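Q: Mapping the sequence shown onto this note's numbering, position 51 (from 1) lands on 51, and the numbers just tick up by one.
The set of hints was computed from the structure by calculation and includes no laboratory data. Any given hint might turn out to be false.
Unchecked claim - For lysine-lysine, the following DSBU-like pairs were computed, each having C-alpha atoms within a straight-line distance of at most 35 Å:
hint	residue 1	residue 2
1	K9	K55
2	K9	K64
3	K9	K61
Treat the numbers as computed from the prediction; the structure is a model and nothing was measured.
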Amino acid sequence: MEPGDAARKVLEEDPGADLHWTVIWDRALTAGYIDPFTQSGARDELIAALAADAKTGRIEKTSKGTYRIAETSQG
Numbered sequence: 001m002e003p004g005d006a007a008r009k010v011l012e013e014d015p016g017a018d019l020h021w022t023v024i025w026d027r028a029l030t031a032g033y034i035d036p037f038t039q040s041g042a043r044d045e046l047i048a049a050l051a052a053d054a055k056t057g058r059i060e061k062t063s064k065g066t067y068r069i070a071e072t073s074q075g
């Protein structure tokens, strides 16, 4: 799974929760969505994907480094 998809999946699994990117990263690793040993640069890609998704409104940035799924994305 691509890091951006993994980040969105983690956020969708806990709707309404404000999660720091490090928590999103940890949950994605724990769930096996991301394998940093086979996906070089996965952490940086995840962080970039979160920022890009926040700019498009797909997710919401609630504070520095903290995100949640956008209200309109839930459902």
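Q: Given the hint that K9 pairs with K55, test it: the Cα-Cα distance must not exceed 35 Å.
A: Within the cut-off at roughly 18 Å; holds.
Q: With a cut-off of 35 Å on the C-alpha distance, tell me whether K9 and K64 pass.
A: 20 Å, holds
Q: For a C-alpha distance cap of 35 Å, please report whether K9 and K61 respect it.
A: 16 Å, holds
Checked against the numbered hints given earlier, the structure satisfies every one of them.
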